[in-house]
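Chemist: Spelled out, the chains give:
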Amino acid sequence: MDYNPLASLLSPMTLAFLLGVAATLVRSDLKFPDGVPMALTIYLLFAIGLKGGAKLHGIDPADFLVPMLAGIVLCVLICLWTFGILRRFGRFGVADAAALAGHFGSVSAATFAASLAFLDSLGVPFEPFLPALLAVMEVPAIVLAIYLAHRQSEGNRQRPFLPLLGELLTGKSVILLLGGMAIGMASGPQGFTQIAPLFDAPFRGFLTLFLLEAGLVTGRRLADLRSAGWFLTVFSLAMPVLHGGLGVLAGYWSGLGMGGATVLGTLAASASYIAAPAAMRVALPQANPSFYLTAALAITFPFNVAVGIPLYYAFSRSLFGV
Amino acid sequence: MDYNPLASLLSPMTLAFLLGVAATLVRSDLKFPDGVPMALTIYLLFAIGLKGGAKLHGIDPADFLVPMLAGIVLCVLICLWTFGILRRFGRFGVADAAALAGHFGSVSAATFAASLAFLDSLGVPFEPFLPALLAVMEVPAIVLAIYLAHRQSEGNRQRPFLPLLGELLTGKSVILLLGGMAIGMASGPQGFTQIAPLFDAPFRGFLTLFLLEAGLVTGRRLADLRSAGWFLTVFSLAMPVLHGGLGVLAGYWSGLGMGGATVLGTLAASASYIAAPAAMRVALPQANPSFYLTAALAITFPFNVAVGIPLYYAFSRSLFGV
Amino acid sequence: MDYNPLASLLSPMTLAFLLGVAATLVRSDLKFPDGVPMALTIYLLFAIGLKGGAKLHGIDPADFLVPMLAGIVLCVLICLWTFGILRRFGRFGVADAAALAGHFGSVSAATFAASLAFLDSLGVPFEPFLPALLAVMEVPAIVLAIYLAHRQSEGNRQRPFLPLLGELLTGKSVILLLGGMAIGMASGPQGFTQIAPLFDAPFRGFLTLFLLEAGLVTGRRLADLRSAGWFLTVFSLAMPVLHGGLGVLAGYWSGLGMGGATVLGTLAASASYIAAPAAMRVALPQANPSFYLTAALAITFPFNVAVGIPLYYAFSRSLFGV
Amino acid sequence: MKPVPMQLVTIIAAQELEDRLLHEIKTLGARGYTVAQVRGHGLHGFRASEYEGENVRIETIVDGRTAERIQQEIAHRYFNEWAIVLYATQVNVLRPDRFVSEEPVT
Amino acid sequence: MKPVPMQLVTIIAAQELEDRLLHEIKTLGARGYTVAQVRGHGLHGFRASEYEGENVRIETIVDGRTAERIQQEIAHRYFNEWAIVLYATQVNVLRPDRFVSEEPVT
Amino acid sequence: MKPVPMQLVTIIAAQELEDRLLHEIKTLGARGYTVAQVRGHGLHGFRASEYEGENVRIETIVDGRTAERIQQEIAHRYFNEWAIVLYATQVNVLRPDRFVSEEPVT
Ligand SMILES: Nc1ncnc2c1ncn2[C@@H]1O[C@H](COP(=O)(O)O)[C@@H](O)[C@H]1O
Ligand SMILES: Nc1ncnc2c1ncn2[C@@H]1O[C@H](COP(=O)(O)O)[C@@H](O)[C@H]1O
Ligand SMILES: Nc1ncnc2c1ncn2[C@@H]1O[C@H](COP(=O)(O)O)[C@@H](O)[C@H]1O
Ligand code: NA
Ligand code: NA
Ligand code: NA
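Chains as they are written, first to last, in our numbering: chain A, 19 to 340; chain B, 19 to 340; chain C, 19 to 340; chain D, 15 to 120; chain E, 15 to 120; chain F, 15 to 120.
Hints are supplied without guarantee of correctness; some may be wrong.
Below 25 Å or equal to it, Euclidean Cα-Cα: the simulated PhoX-like pairs (lysine-lysine) are [stated by the list, open to error]:
1. K49/B / K49/C
2. K49/A / K49/C
3. K16/D / K40/F
4. K16/F / K40/E
5. K49/B / K49/A
6. K49/A / K40/F
7. K16/E / K40/D
8. K40/E / K49/B
9. K40/D / K49/C
FRET-style restraints, in silico, Cβ to Cβ [unchecked claim]:
10. F93/D / G78/E: 22 to 28 Å
11. L28/C / L87/B: 26 to 32 Å
12. N94/D / S245/A: 56 to 62 Å
13. H37/D / H37/E: 36 to 42 Å
14. F249/A / R109/D: 51 to 57 Å
15. E87/E / G59/D: 21 to 27 Å
Computed footprint of chain F on chain D; a stretch qualifies when at least three of its residues, placed anywhere within it, have a C-beta under 8 Å from a C-beta of chain F [claimed, not checked]:
16. 17-23
17. 39-48
18. 98-112
Derived from the structure by calculation, the hints contain no laboratory data.
For clarity, every value in this text was computed on a predicted model and none was experimentally measured.
From the three backbone atoms N, C-alpha and C, an ideal C-beta is built for every residue, glycine too.
Can you make the complete structure from the sequences, with help from the hints?
Modeler: Structure (structure tokens):
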């Protein structure tokens with residue numbers, strides 16, 4: 019199998035993202051109508067869930083218990099050490115450090131989708147239960163981060179913790195991913211065939227549109243890079259590489275194949291920019307959104323899509339000795 | 019032909035609806051952006067019309083005259099007796115009883131689409147002109163119900179009746195269904211092939227999304243069940259069974275096949291929740307929307323999708339001696 | 019090759035447009051939700067670009083240099099003479115005449131798409147670089163028209179010209195068309211295959227929806243026909259025929275095939291109704307939008323879709339001696 | 015330019031009434047209006063989804079006399095049957111004549 | 015009918031707060047409200063995309079006493095931590111009783 | 015906290031002007047604003063579809079002096095050529111200092 023790392027940079031997905039960034043930089047009036055980005059998000063999450071679920075039919079749950087545990091442990095660790103690093107070396111306040119830690123410990127569905135599309139285009143197989151990994155790795159770090167912030171702040175107006183946890187576990191991404199998987203599993207491959215012309219075939223096309231829009235938003239955020247400072251910039255480029263490597267290793271050890279390990283690496287390296295910002299806005303309103311949005315959306319996300327995924331894949335290949 | 023009634027409950031369509039209800043019950047923040055539900059409605063109605071029209075090519079109009087008449091008569095009768103029952107036994111006021119009668123006498127396009135998807139998945143054939151049935155059965159009961167309310171109310175501020183009729187006959191569902199059929203017929207199967215990748219193949223996928231959203235709205239309405247009262251709840255479960263049976267019989271007598279009779283039963287059993295609420299808001303503003311929305315959307319609709327359609331199909335099978 | 023001009027009138031695209039007009043005339047409440055028309059526009063422009071770009075792979079740039087130059091020259095000439103005619107014979111003010119000249123000198127992406135769909139349905143081949151033609155022919159006449167208006171007006175509050183040019187060259191249609199082509203070219207046919215299920219197969223279906231909506235807007239504009247006056251009405255029907263003929267000739271001379279010449283004719287004949295109105299609102303706010311919107315959207319556009327395209331095609335056939 | 019007081023009349027009503035209400039206020043002398051999509055809750059329950067119907071907020075700046083006429087007319091024709099909320103606010107504008115009704119009060 | 019002065023209380027806040035704020039104002043005596051989707055910019059930065067979150071504008075017409083209670087309560091509970099803008103305007107309505115709080119002031 | 019009167023300046027204008035107008039009001043001292051998508055009709059005809067362009071309503075709460083400056087500047091620069099409606103309303107806010115312009119009046 020001949021592998022050309024440039025091909026990933028030249029995929030329609032990556033290029034659409036760059037087009038979006040470029041359009042903002044030249045001050046184009048291109049703008050998706052209100053509601054369309056959210057509609058695309060709903061489609062992507064639900065489609066990921068459905069497709070994964072349909073393939074789960076007849077798979078032994080034991081197969082994915084270990085990778086799942088590995089994923090969750092990784093998220094918790096990432097959250098803890100990024101919090102520490104940001105506090106000590108970045109000199110961030112408690113709320114800002116915690117919010118950022120929650121973002122890096124959680125995962126990005128769009129990056130996940132890009133990694134699947136990447137593997138698909140190379141014909142590399144991967145485990146059907148990966149969407150479940152995406153779902154379970156989303157929440158833990160966010161919860162932990164909020165807990166860290168609450169513990170260290172002496173504010174008396176903290177929101178009670180339990181309802182917050184409830185809100186997170188019923189957030190739209192969890193509902194759509196797990197709900198989609200349940201539907202895909204219950205209705206089986208036969209059921210999925212009925213809806214595949216919407217949820218399977220055009221998936222990469224919709225992802226391309228989504229990334230075009232994400233590029234537009236990223237472009238607007240690039241102006242904030244200066245206010246984010248060089249520490250956060252370097253942090254948002256270096257940590258994904260570290261986390262990606264650890265993720266690939268964790269995948270290898272927990273029994274995933276070369277494709278699955280690449281995806282676990284991608285998940286670990288990715289920073290949430292849908293679920294985490296929404297949660298932080300509610301739970302840590304005192305944290306500055308400029309920091310976490312710029313880091314997750316404008317730096318880590320494009321880095322992973324363009325450079326990270328091929329990197330983690332190359333590492334996985336060498337690890338599996340291909 | 020082996021038939022498993024559980025398969026309908028486990029279709030992605032039905033499950034998506036249940037997911038929507040469940041998401042609301044656990045207070046998820048999942049919500050479709052404004053405009054998306056309406057866009058899905060427009061797509062479904064237009065696609066139903068186009069597909070039906072394309073298949074009408076070369077069919078003798080005489081074939082569907084009798085089923086259409088049967089359908090209209092059924093709608094009128096349903097409207098009359100539900101009005102009587104609600105007035106006498108339910109002790110509803112004139113406006114509320116009339117509004118409810120209009121909903122049950124009219125038909126639901128989503129339920130119709132679910133019944134076609136159901137038959138498709140079983141490989142049961144049905145007549146191509148059924149969408150025309152859907153179109154002609156929408157308006158009569160609504161008009162009759164408004165007339166009933168106006169006749170019995172001594173108010174002096176009644177809106178004149180004729181413009182109201184005009185509004186109903188040019189409502190978006192009639193325009194999209196009949197317009198779609200006309201286009202499908204005029205451009206023929208060859209014309210339809212050009213647009214089938216949008217209006218045919220992904221139809222069930224879009225229906226799944228639509229039902230997910232309908233589930234979200236239904237979930238919110240479930241809280242109103244109490245205010246609807248037990249009479250309306252029982253009514254909204256029992257009448258569909260009666261109407262469904264009558265519809266299947268009417269289909270049988272008027273020359274439809276087993277599939278067509280199932281669909282006519284479904285139409286009779288279904289309660290409108292797009293055209294009728296819109297009409298009632300304008301024509302009977304004094305009627306309480308909680309009653310008709312809860313009955314049509316939160317009770318009758320899910321009942322038909324999950325239980326009713328397989329029931330009417332089973333009845334049709336036994337009637338046709340399969 | 020047997021060619022039946024009626025088939026174009028009976029294509030789902032044309033019929034959907036007529037349905038939209040009819041729906042408005044009977045005062046239907048059919049209305050696309052806010053944002054959907056813009057989402058469809060974005061889709062169409064991006065899809066046109068992607069598809070064209072993917073086919074450009076391995077084509078000699080020299081092949082399309084001459085047709086492009088021919089297209090631009092045509093746009094400039096059209097802008098100049100329509101301005102003259104409207105000033106002298108139509109007795110329009112400077113701003114109104116310039117705004118109209120900019121619309122007729124520019125091009126309409128929807129008309130372009132309709133002409134491709136028309137050729138496709140007849141199996142007539144055309145050059146892959148035509149979308150680039152669409153892109154380069156959009157801006158020149160708009161810029162020229164604004165320049166004409168500014169030169170002839172003694173107002174002291176003119177907006178500086180350069181930023182205006184920048185705004186036009188980074189307008190969403192240019193970005194999506196050229197950006198789409200670049201992506202299509204860079205990722206090649208193999209990249210396009212990945213996204214074709216969204217951007218290729220359902221293209222005509224989305225175009226049908228777009229035209230349905232354009233019909234709704236056109237219907238509302240028809241009431242303004244009276245205020246537009248008979249001169250503008252005749253002008254908006256006659257000029258396209260002239261421009262269409264010249265465009266076909268220019269295509270023939272510049273080395274395009276029969277299909278390409280038909281499309282260049284269509285482009286010349288078409289009047290912009292997305293980019294030009296947006297530009298004129300900003301650059302010539304004193305011009306009356308009723309004139310240009312009614313002319314471009316309610317007269318020239320439907321004329322081209324229903325009558326013009328088959329006409330230019332027939333002319334091209336005879337020119338090429340088929 | 016000096017700010018001059020005018021009346022801003024706001025109407026919140028079911029979207030289905032939009033065309034009729036706009037026609038009324040134009041007939042009563044309004045020379046412009048602005049419409050926004052809103053959702054709401056009131057004595058007639060929720061109006062916040064496609065099925066329940068949504069509301070529109072119609073705003074028109076008019077002179078005092080026209081404001082009164084609009085309020086009285088809408089109240090007279092719609093208050094009994096419809097879910098409508100109507101109020102007037104004093105605002106200051108710079109070009110009063112562009113808002114003043116051209117028609118004589120009849 | 016004669017116009018009677020009432021208070022229109024407007025709250026601009028993050029969409030995530032919508033449900034809680036509506037609950038508060040209902041509890042405090044508001045008998046209806048109207049909600050619109052808006053975007054904005056303020057001391058807490060931009061709120062104009064899916065990722066940044068959007069704002070809602072909540073408007074409720076209430077009697078003067080309820081207006082005061084709403085303003086004090088929201089200020090007390092939300093001003094410290096949240097991006098909220100809150101103001102009251104005097105408006106004239108025709109049917110005052112439909113806006114007056116039913117609950118006694120406690 | 016005690017309510018303090020401030021000025022709410024509202025601008026209704028073509029969406030194409032949004033960026034420029036926001037820049038103007040920020041330069042003139044506004045410390046925040048809220049924007050809503052609206053459609054409308056006025057002396058310059060309809061603005062209610064993608065082709066006609068839509069309007070935005072920009073609202074900013076400022077102190078009286080800034081309000082006056084904004085009104086005069088916008089009037090001076092835009093009224094001649096553009097379809098713009100501009101008005102000011104008195105509102106009561108609880109935290110006046112968050113709205114008061116930081117810049118000296120020049
Ligand atoms: N007190 C209020 N304040 C603001 N808006 C209201 C109020 N009451 C009702 N509304 C709005 O007016 C619509 C109709 O009111 P109602 O007739 O009370 O149902 C509601 O859906 C709300 O959008
Ligand atoms: N001066 C102002 N005028 C109007 N709206 C404002 C103003 N300041 C803030 N807002 C709105 O209130 C939201 C929260 O404000 P802030 O807490 O200042 O970020 C902003 O996103 C704006 O929508
Ligand atoms: N009298 C008015 N009341 C409220 N809004 C208005 C009024 N006149 C104009 N507008 C709004 O301001 C925009 C531009 O106004 P105009 O310059 O009159 O066309 C319109 O599209 C409306 O949205
Ligand atoms: Na991560
Ligand atoms: Na029925
Ligand atoms: Na042209």
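Chemist: Out of the numbered hints, which ones does the structure contradict?
Modeler: none
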